[in-house]
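Participant: Each chain, letter by letter, is given below.
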Amino acid sequence: MSAGVEVVEREFGEMALNMGPQHPSTHGVLRLVLHLSGETVLKAIPSIGYLHRGVEKLSEHLAYEQLAPVYERDDYLAPSANSLAYCLAVEKLGSIAVPRRAQWLRAFVCEWQRVASHLVWLGTLGLDLGGALGGGTTLYMYCFREREKILDFLEDLTGTRYHTNVNLIGGCRYDLDAARAAKSRALSTGIEAALPELHAMAGGNAIFGARTRGVGAISKDLALSVGVTGPVLRASGVGYDVRKAMPYDAYGELPLTIPTRSAGDALARYEVRFEEISVALALVRAIGDGLPAGPIFSRKPIKNPKATKLPAGEAYVAVESPRGELGIHLVSEGGAKPHRLKINAPSFANLQVVPHLLPGRLIADVVAILGSLDPVMGDVDR
Amino acid sequence: MPAVEVVEALRTRFSASASPLGVAVPAASLLEAARALRDAHGYRFYVLASATERSEAIDLVHAVRNLDTNDTLFVTTPLAKTALEAPSLAFVWSGAEWYEREVFDLFGIRFASHPDLRRILLPDEYQGHPLRKEFPMDTPWGYRPATPKPEAAS
Numbered sequence: 001m002s003a004g005v006e007v008v009e010r011e012f013g014e015m016a017l018n019m020g021p022q023h024p025s026t027h028g029v030l031r032l033v034l035h036l037s038g039e040t041v042l043k044a045i046p047s048i049g050y051l052h053r054g055v056e057k058l059s060e061h062l063a064y065e066q067l068a069p070v071y072e073r074d075d076y077l078a079p080s081a082n083s084l085a086y087c088l089a090v091e092k093l094g095s096i097a098v099p100r101r102a103q104w105l106r107a108f109v110c111e112w113q114r115v116a117s118h119l120v121w122l123g124t125l126g127l128d129l130g131g132a133l134g135g136g137t138t139l140y141m142y143c144f145r146e147r148e149k150i151l152d153f154l155e156d157l158t159g160t161r162y163h164t165n166v167n168l169i170g171g172c173r174y175d176l177d178a179a180r181a182a183k184s185r186a187l188s189t190g191i192e193a194a195l196p197e198l199h200a201m202a203g204g205n206a207i208f209g210a211r212t213r214g215v216g217a218i219s220k221d222l223a224l225s226v227g228v229t230g231p232v233l234r235a236s237g238v239g240y241d242v243r244k245a246m247p248y249d250a251y252g253e254l255p256l257t258i259p260t261r262s263a264g265d266a267l268a269r270y271e272v273r274f275e276e277i278s279v280a281l282a283l284v285r286a287i288g289d290g291l292p293a294g295p296i297f298s299r300k301p302i303k304n305p306k307a308t309k310l311p312a313g314e315a316y317v318a319v320e321s322p323r324g325e326l327g328i329h330l331v332s333e334g335g336a337k338p339h340r341l342k343i344n345a346p347s348f349a350n351l352q353v354v355p356h357l358l359p360g361r362l363i364a365d366v367v368a369i370l371g372s373l374d375p376v377m378g379d380v381d382r
Numbered sequence: 383m384p385a386v387e388v389v390e391a392l393r394t395r396f397s398a399s400a401s402p403l404g405v406a407v408p409a410a411s412l413l414e415a416a417r418a419l420r421d422a423h424g425y426r427f428y429v430l431a432s433a434t435e436r437s438e439a440i441d442l443v444h445a446v447r448n449l450d451t452n453d454t455l456f457v458t459t460p461l462a463k464t465a466l467e468a469p470s471l472a473f474v475w476s477g478a479e480w481y482e483r484e485v486f487d488l489f490g491i492r493f494a495s496h497p498d499l500r501r502i503l504l505p506d507e508y509q510g511h512p513l514r515k516e517f518p519m520d521t522p523w524g525y526r527p528a529t530p531k532p533e534a535a536s
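Protein sequence lines, in the order shown, are assigned to chains F and D.
Going by my numbering, the residue at position 72 of the first sequence is 72; the numbering climbs one at a time, nothing skipped.
Going from the second sequence to my numbering is simple: count from 1 and add 382.
Simulated from the structure, these hints should not be mistaken for lab results.
Note that CB positions come from ideal geometry on N, CA and C, so glycine has one too.
It cannot be assumed that every hint is accurate.
As the list claims (entries may be wrong) - Ranges between beta-carbon positions, derived for each pair: (1) D:414 to F:58: 46 to 54 Å; (2) D:460 to F:62: 26 to 34 Å; (3) D:422 to F:14: 51 to 59 Å; (4) F:194 to D:410: 42 to 50 Å; (5) D:460 to F:17: 38 to 46 Å; (6) D:400 to F:39: 16 to 24 Å; (7) D:514 to F:263: 30 to 38 Å; (8) D:400 to F:363: 16 to 24 Å; (9) D:437 to F:63: 20 to 28 Å; (10) D:417 to F:14: 32 to 40 Å; (11) F:294 to D:410: 38 to 46 Å; (12) D:506 to F:60: 20 to 28 Å.
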């Protein structure tokens, strides 16, 4: 620098930055209006609704039998949990029995999708943290390689990689034979063996720890008041899991451990989710080994989907989706269509904590915090 | 099942009555009842807000949970269709903020002293409240931008 040049630092004041709705780190179409001072966030205003499809209005115009596949499109990373919550609500209101084998099979598919969903979360978290993890694409590719095997297995079992449509009111659609059970067991041990490698790339990486430790800490009081659910709640020291608190389907009979942390930061959320992968794999093995014999559908074959009617009344049923408590509040006034159906989406509740977390953090922390909350915008906007 | 003694306690103080999934509380005493639920009865976890349209009223629904007793209580508040206003619970459970915005967006219920009562899922200039039963599916009132399209340059 020559002697005649003077460096002047200017104070530019507050700047509003639109992050999204097409920002890759927002896991979909989330828009954040960030008020910045330099690189520090002063205020964050999330704007959602870009993926609103009016599913709740549509529910009031379709027959009960037609609706389960619709909800699989809500949370597209764990489709079966959505239709399972719906089927459970209809079964509760209509007092429809579900054969024991079908209950186990539903849990089986949900747990496989939990592993697949957590692998997507881990891979995209690697992308979010990007440069810190050597480009991030390595972790992403390794996670998606394992996830691809799960999708191939689900395609073999149900004919569909993704929206398996396995849940029916009163049972499930596809049965597990001995050959596929053996395949499932081999696959689960294979993925279990790959986990240390994934952990070495993420949680075992010193830069990963520095980017997530103490970042976006949610206190227990804030977690309860906002009503965050799932791994986000369990990382804040509340060991609440719907599978344990309100067991549905086979979960009352299965061995279930609930990973919990008390720090509440992004690293704690990473640790809880990562341990949940192992827990889900253990559940898959337990279901494959102990699957009871019997029928998988309790009702007569459905000839006219509009003939299914429910008595007047209301019911609330929740399941533990990979993102947390996914509840269906179903109100019937008698008839073949729901009078009102409210989907309580876990991503909606978890995203609501964002304006509480971002002020005072740097822009680089915004993507780490969002990635650790794991929102799915199809679930938020419905 | 709703905790019977909680419903009984609310009945005398806030003129509440039992409802299928919990308790029905009139709008006038909703805010006080919510504070009592959180502070005296341990319902510290916020679950959801929703609404259900009945023939003559719209039922506003809040669900809260006591994690110690693992009890989820649905607090229903019937609102006459001519007076769709209820007190906001966003200062009791901050989770109510977005859920109440959603109910406002889709049902048109206004929440008194809500910190930020704007539409949340639909665009700000949207007309009507789509989850009302009178809102038809083949609507002529669908999304219309507030400003007309600029005419093509000739």
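Participant: So, for every hint listed, does it hold in this structure?
Facilitator: Okay, the hints, checked on the actual structure:
1. D:414 to F:58: 46 to 54 Å: Given about 37 Å between the Cβ atoms, the range is violated.
2. D:460 to F:62: 26 to 34 Å: For residue 62 of chain F against residue 460 of chain D, whose Cβ atoms are near 27 Å apart, the range 26 to 34 Å holds.
3. D:422 to F:14: 51 to 59 Å: At roughly 42 Å between Cβ atoms, residue 14 of chain F and residue 422 of chain D fall outside 51 to 59 Å, so the hint is violated.
4. F:194 to D:410: 42 to 50 Å: violated, 59 Å
5. D:460 to F:17: 38 to 46 Å: Since residue 460 of chain D and residue 17 of chain F have Cβ atoms about 44 Å apart, the given range 38 to 46 Å holds.
6. D:400 to F:39: 16 to 24 Å: At 54 Å between Cβs, range violated.
7. D:514 to F:263: 30 to 38 Å: Given range 30 to 38 Å: violated, Cβ gap about 45 Å.
8. D:400 to F:363: 16 to 24 Å: Cβ of residue 400 of chain D to Cβ of residue 363 of chain F: about 51 Å, so the range 16 to 24 Å is violated.
9. D:437 to F:63: 20 to 28 Å: Check passed, 22 Å falls within 20 to 28 Å.
10. D:417 to F:14: 32 to 40 Å: The hint (32 to 40 Å, Cβ to Cβ) holds, given that residue 417 of chain D and residue 14 of chain F are roughly 36 Å apart.
11. F:294 to D:410: 38 to 46 Å: Roughly 54 Å apart at Cβ, these two residues miss the hinted range, so it is violated.
12. D:506 to F:60: 20 to 28 Å: The hinted range 20 to 28 Å holds for residue 506 of chain D and residue 60 of chain F, with Cβ atoms some 25 Å apart.
Taken one by one, the earlier hints fail for this structure at numbers 1, 3, 4, 6, 7, 8, 11, listed in ascending order.
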